[in-house]
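Number of protein chains: 4
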Amino acid sequence: MDFAHNTKTQDYLSRLKEFMDQHVYPVETQIYGETHELNPDGNWRKWQSHPLIEPLKQKAKTAGLWNLFLPDAKLAKGLSCLEYAPLAEEMGRCTFAPEIFNCNAPDTGNMEVLYHFGNEGQQERWLKPLLAGEIRSVFGMTEPDVASSDATNMQATVVQDGDELVLNGKKWWTTGLGHPNAKVAIFMALSNPENDKHSQHSMVIVPLDRPGISIKRMLQAYGDYDAPFGHGEMHFDNVRVSKQNLLVGMGQGFAIAQGRLGPGRIHHCMRAIGAAEKALELAIKRGQSRTAFGQPLIKLGGNGERIADARIAIDQARLLTLYAAWKIDNVGVKHAMTEISAIKVAVPRMLEQVVDMAVQIHGGAGMCNDFPLARLAAVARALRLADGPDEVHQAMVTRLEIRKYQSN
Amino acid sequence: MDFAHNTKTQDYLSRLKEFMDQHVYPVETQIYGETHELNPDGNWRKWQSHPLIEPLKQKAKTAGLWNLFLPDAKLAKGLSCLEYAPLAEEMGRCTFAPEIFNCNAPDTGNMEVLYHFGNEGQQERWLKPLLAGEIRSVFGMTEPDVASSDATNMQATVVQDGDELVLNGKKWWTTGLGHPNAKVAIFMALSNPENDKHSQHSMVIVPLDRPGISIKRMLQAYGDYDAPFGHGEMHFDNVRVSKQNLLVGMGQGFAIAQGRLGPGRIHHCMRAIGAAEKALELAIKRGQSRTAFGQPLIKLGGNGERIADARIAIDQARLLTLYAAWKIDNVGVKHAMTEISAIKVAVPRMLEQVVDMAVQIHGGAGMCNDFPLARLAAVARALRLADGPDEVHQAMVTRLEIRKYQSN
Amino acid sequence: MDFAHNTKTQDYLSRLKEFMDQHVYPVETQIYGETHELNPDGNWRKWQSHPLIEPLKQKAKTAGLWNLFLPDAKLAKGLSCLEYAPLAEEMGRCTFAPEIFNCNAPDTGNMEVLYHFGNEGQQERWLKPLLAGEIRSVFGMTEPDVASSDATNMQATVVQDGDELVLNGKKWWTTGLGHPNAKVAIFMALSNPENDKHSQHSMVIVPLDRPGISIKRMLQAYGDYDAPFGHGEMHFDNVRVSKQNLLVGMGQGFAIAQGRLGPGRIHHCMRAIGAAEKALELAIKRGQSRTAFGQPLIKLGGNGERIADARIAIDQARLLTLYAAWKIDNVGVKHAMTEISAIKVAVPRMLEQVVDMAVQIHGGAGMCNDFPLARLAAVARALRLADGPDEVHQAMVTRLEIRKYQSN
Amino acid sequence: MDFAHNTKTQDYLSRLKEFMDQHVYPVETQIYGETHELNPDGNWRKWQSHPLIEPLKQKAKTAGLWNLFLPDAKLAKGLSCLEYAPLAEEMGRCTFAPEIFNCNAPDTGNMEVLYHFGNEGQQERWLKPLLAGEIRSVFGMTEPDVASSDATNMQATVVQDGDELVLNGKKWWTTGLGHPNAKVAIFMALSNPENDKHSQHSMVIVPLDRPGISIKRMLQAYGDYDAPFGHGEMHFDNVRVSKQNLLVGMGQGFAIAQGRLGPGRIHHCMRAIGAAEKALELAIKRGQSRTAFGQPLIKLGGNGERIADARIAIDQARLLTLYAAWKIDNVGVKHAMTEISAIKVAVPRMLEQVVDMAVQIHGGAGMCNDFPLARLAAVARALRLADGPDEVHQAMVTRLEIRKYQSN
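Protein chains in written order, with UniProt numbering: chain A, 1 to 408; chain B, 1 to 408; chain C, 1 to 408; chain D, 1 to 408.
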């Protein structure tokens, strides 16, 4: 048992930190403010990338800090899930940083799907420009009209019609849909109702310019459009794509979803841990710099205890996530299901607790956009629902726990 | 001891509920949606009142459901704090309802200040149009550059110069500033630094069209501009008003603030309780109407227990608030300080818990504006800071509690 | 709505407080210590009443502070549930006080059963000596071999055999069994399995000297035998009693249990509230009198906030319990089920929180018997299970809550 | 980074588990019951070791599972802190198991003190028989008359008088004092009040048969005497020991205490984690085997979610503790202070949560001694105070956390 990161990881981590220090943090407040506030004329900013982002992407690419998430040594740097984890944490300290390194959701997950399950044509057409950071993608799973916590409730359909697939239905919370570079969706829908429960659905690649696709509206998540990325409600009305766009085969949707699961969970949890570190740092700095009743805020009442609790919660969450990553690398997703579900529950809770404490110490400044805290509060809350509500993952942990005693 | 409301209260309550049923709830979704979403052209709505609001105000006035908060029998209906409390709860079930009955913050608090502390000229000039619902007002206390949890930190200044008062400084979180009818502020600032700690500040009435006042920006609270009301950052740069605009006298600011305190706290807590009832209702309806894993959501896992906990928390919070109101009416604010501080802590916590549960049961729909839940989550969180952070009020309760044993 | 107690209640309350001040508190530490510690020879004290108790009972009787719980004006003082509630709170401040006023569980509940459901002969034989404080009683419902949270699981049986009833089965947690004055049990068991679910059980009065009754063992609750009262595991092996000992009729057990329910819940919750007040008082006194790191403990870290939270939790719990009592008095148990279940959940939780805080402030002294805190911690924990686990009562609240929306 | 235990650890762990399976678990219920219940004659058992313990100790010695905690390769097995940690967890699954392997507190801590700080004579006289399991020891630090959370409050004194040291004062919570084999104490007291704050105290070895030592009383911890070990209140009245009994030197008490700190914390935290695993196991087994309302308990309401939360909390606590052990081994106690304090806070909280859940699922059986749960609840609660109240350790974490930003 060894808690030290290997030298490869340490090297990437120090280079990443240096990049963040030199190029990202100095423009953090500017980008953050200009993205989330109304224009001076009282209008909302367009759904467009902040002009500083693209140059930063080029710098990151040049610096060899690009596509770090992808385990492939040729297409990327060959970092394992555990090796990438601390890098994801570092990126998570700044909400817009992951995009700079082409490591942002949902593109990472979609690229992994294409990498593991796409055929050569699909990879050439879609994986290549995604890896190049030229386009962005969305993932359509959740639906507005059913409880999507039970994925088998899905009502959207895929029907084969000759050489084409015909798609119908509604998807919402398709993250990233608002971005001007969003060009393609991975769409999951019911295709084989005659099969057993987990072989009824298929995944299809859908270019976003297909006729029949409409963006009904962009959704606020806890008051935040999360522009320029956003979350959309999309309607599919007899959308036709070539059979070539089917991933793997009809009825293979859940199998693919399962494969997509593990590393993606590690990524978003590690980013959340980085965000929590950021929130804790802000809380301490604010708590020391502002004074009330004759003392720095951090010395008042239970504030100190809450700082300690934040540190304790963060460290525990990080260790559990790293352990889950290690299990994925060493015994595979199937044997790491308890940990993969456990971090889904533990990490967002921890982030909520830490951010809430930081907001409280900041007072009114914590609620507005002078700090990224209100935004992180929305992220934390959303994570308790995104990727399935916590309760579904608790149920998974329980089921596996009970199973241990069932042969007894 | 008797927990039944008197007949006067029961009568107003049934009339208010009928009004809400007939006129407010039917347009709730429409107003809510049109207020919080972007326009079809992707722009934010202007800072203007929804067109349905003014007609509703007229209806409420005609129905005799107007200014219910004000205890004066001639200017209003002569309802005591305890008699008004359940009406505030009912109004709180819909975020925009209080304005319809001219019972919205911060106008209620400002009207109370003018009613109790304004002289005849001030009442004629400002209280009258406020009671008529023709103008709106803001309250400027919190400042961006200091920890305002300690009100004695205030840096803004009022200096007398002949027959004029000269105001300087910054205020933020001046709620309601975005509304087109906002015409006047009550501004609190340091005037007599030579006095003892709680006699150094004064309150001044400031028309918003005075030269030297600038709106630096409107603030989002947890991602929400709360348009058309909004919260502003205001800068006062040598703003001059007549000496006539001074409330009571120089150095009387804290005394006035204290007097403003009790009933306002009851109002916002009762509204929060109404909001919690609304959230619980939504949770139950959603939990019964959506199905996952073969059961209505409400039967899954701990959802039922959380429904029970919500009911228990709401009922306890309501009783404590009504008890505080009864104490204000019967022994006065000074002898109800424990209760007035206690509800500041207990009620927002309760609202957060109930709304969070409701959001979780709604899934993605709970986070967007299809339901008022995301908005209520922001309100609940803000209430833990608004009117002083909870910790300041806990400290007050503790101080009074310890005092009980100090003569022993 | 009026939160003041009526003059009758205020009168009894002041007399009771005076009695406690003069006669009970001065011997509290002595009785407490001598009851819970080992003898100097390292042996446990016998199951006998502390010698100071009986004289105190006589004093209370003389002072007219006797059987206050019973609403009957002739047999007792005719106090309603709401009028008695604050008296129960006062008694609850000292764990052995209720017995002094003949207001201790489970005798109060048993006397209520005999009062409401016993026939003349049963009342003469058992109610009379119980009201006189000459004997004590136990209640046998929970069983060791089944999940008694579901009362219909009960396996003990009552069978009629000519003029006799034959009892078989096991009961445990029969509180008060260790007391030398314990002379009679009310025993609930399956009698009519052919009936519908809630008409299958009967209640029988069983003198404890009947052949076939054995005390298998006395049980510790969280390490405490709660001597001299104790909780027993009793086995019934073909115990025969006269048919005259049947309460009401065969199959009426649940109906009687329901009737016993409401006031008993008020009593134990109000006692728990008194206990919490005591714990808070101890915490504040200790927190002020001991010093660490240069300050009184109460000023350190979050201690002050926890004091405030205790006050807030106690006051809310009390108001909810008083409200439940008022509903029982005014609309009856059947229409107060939400409140009766709610306080079962809310009050023990509150007591646990307050006592836990007080223990922590006392350090090691909080864990041993120098203070009643460790004992109260056990009581609080036990209350979350006694009378049905909290979860059963949450389920009741949930069911009633959902029902509100089912006709919609 | 590697989460697998090395082969040495794995080997010891499998041998230890086998020993537990063959020799300990089969007699667990018997020893547990016979230790904690009254005798059939209603008296408490003597302060004597259960007769099955000594033979088990011999078996463990023979099996090479003895003194595993001690890092010395000659005197023991040379296991590092991290290598021993999982063994401590396994032992912690049964409250009396650690003694069987001579790995019980406070002897382990005392042996470490003697090992690291004792001179040859002291080691020969006391370490040797302790390592042989022939005698037991106690540690005297906490005092009844001052807030011992601030160790500098200590009032007991050591004064040199010629070749002797004279000890005066009171110590309580001297764990293990009731055991017949308890022969020696390590006593910490004020010796050099003229020195700086952390050089004023000394540690002295005190044979328990010295004149002037009296056992004032044995203390119950949350109702449990924890016989035959127990916790005592000891009075020292001019107790004289030879100067040879001084550890290291006058004024070195805190330095020694610091050195004792790290590994001991790991040990008790890992044992607590083992206890939590045991509680979770019991909860699941009970939850599956008992039925209410037509379902196994584990399927009712939030029980399943609480099982998941227990698993998640245990795994996080274990990882944090192992990480702390790794830091102690690799960078030393001084650089692992955050983690050593963090586990003091996190692990007992976790144990309390898990045990409380298990008790609730067991109902009444969870509160009595039919299962070790009530005992574990007392242990968990005590751990939040033992070794300093949590708040002191939170303060340490906070201080170190703030320090990170103070050079900024």
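Each hint should be verified, as a subset may be incorrect.
[Claimed, not checked] Now the in silico label distances, taken between C-beta atoms and shown as ranges:
hint, chain 1, residue 1, chain 2, residue 2, range
1, A, Leu400, B, Gly294, 53 to 59 Å
2, B, Arg240, D, Leu400, 51 to 57 Å
3, D, Pro129, C, Lys59, 54 to 60 Å
4, B, Gly332, D, Leu400, 26 to 32 Å
5, A, Pro296, D, Asn195, 26 to 32 Å
6, A, Lys243, B, Gln295, 33 to 39 Å
7, D, Arg125, A, Gly332, 51 to 57 Å
8, C, Gln258, B, Gln295, 26 to 32 Å
9, B, Lys404, D, Asp145, 21 to 27 Å
10, B, Lys404, D, Gln288, 47 to 53 Å
11, A, Gly332, D, Thr29, 53 to 59 Å
12, D, Pro51, A, Leu400, 47 to 53 Å
[As the list claims (entries may be wrong)] For the chain B half of the interface with chain D, some residues (derived, Cβ under 10 Å), not all of them:
hint, residue
13, Asp21
14, Gly301
15, Gly302
16, Asn303
17, Gly304
18, Arg306
FYI, nobody ran anything at the bench for these hints, they're computed from the structure.
Note that CB positions come from ideal geometry on N, CA and C, so glycine has one too.
Outcome of the hint check:
Taken as a hint, the range 53 to 59 Å is violated for the pair leucine 400 (chain A) and glycine 294 (chain B), whose Cβ atoms sit roughly 20 Å apart. In this structure the hint that arginine 240 (chain B) and leucine 400 (chain D) lie 51 to 57 Å apart at CB holds, the actual value being about 52 Å. A hinted range of 54 to 60 Å holds for the C-beta pair proline 129 (chain D) and lysine 59 (chain C), which are about 58 Å apart. With their beta carbons about 48 Å apart, glycine 332 (chain B) and leucine 400 (chain D) fall outside the hinted range of 26 to 32 Å.
A beta carbon spacing of about 31 Å between proline 296 (chain A) and asparagine 195 (chain D) agrees with the range 26 to 32 Å that was offered as a hint. Range check, lysine 243 (chain A) to glutamine 295 (chain B): about 38 Å between beta-carbon atoms, so the 33 to 39 Å window is met. At about 56 Å, the beta-carbon gap between arginine 125 (chain D) and glycine 332 (chain A) stays in the expected band of 51 to 57 Å. Roughly 29 Å separates the CB atoms of glutamine 258 (chain C) and glutamine 295 (chain B), a value that falls within the hinted 26 to 32 Å.
A hinted range of 21 to 27 Å for the beta carbons of lysine 404 (chain B) and aspartate 145 (chain D) is consistent with their spacing of about 26 Å. A beta carbon spacing of about 50 Å between lysine 404 (chain B) and glutamine 288 (chain D) agrees with the range 47 to 53 Å that was offered as a hint. Between glycine 332 (chain A) and threonine 29 (chain D) the C-beta distance comes to about 39 Å, which lies outside the given range of 53 to 59 Å. Evaluation of the 47 to 53 Å hint for proline 51 (chain D) and leucine 400 (chain A) yields a failure: the beta carbon distance comes to about 41 Å.
Restraint check, aspartate 21 (chain B) versus chain D: the minimum CB separation of about 35 Å is more than 10 Å; hint violated. For the restraint placing glycine 301 (chain B) at the interface with chain D, the shortest Cβ-Cβ distance is roughly 5 Å, inside the 10 Å limit, so the hint holds. A cut of 10 Å between beta carbons decides the hint on glycine 302 (chain B): the least distance to chain D is about 3 Å, and the hint holds. With its C-beta approaching chain D no nearer than about 8 Å, asparagine 303 (chain B) sits inside the 10 Å limit, and its interface hint holds.
Interface restraint check: glycine 304 (chain B) against chain D, minimum CB-CB distance 6 Å, threshold 10 Å, status holds. Hint on arginine 306 (chain B) holds. Least Cβ distance to chain D is approximately 8 Å, under the 10 Å limit.
In this structure, the earlier hints numbered 1, 4, 11, 12, 13 are contradicted, and the remaining ones agree with it.
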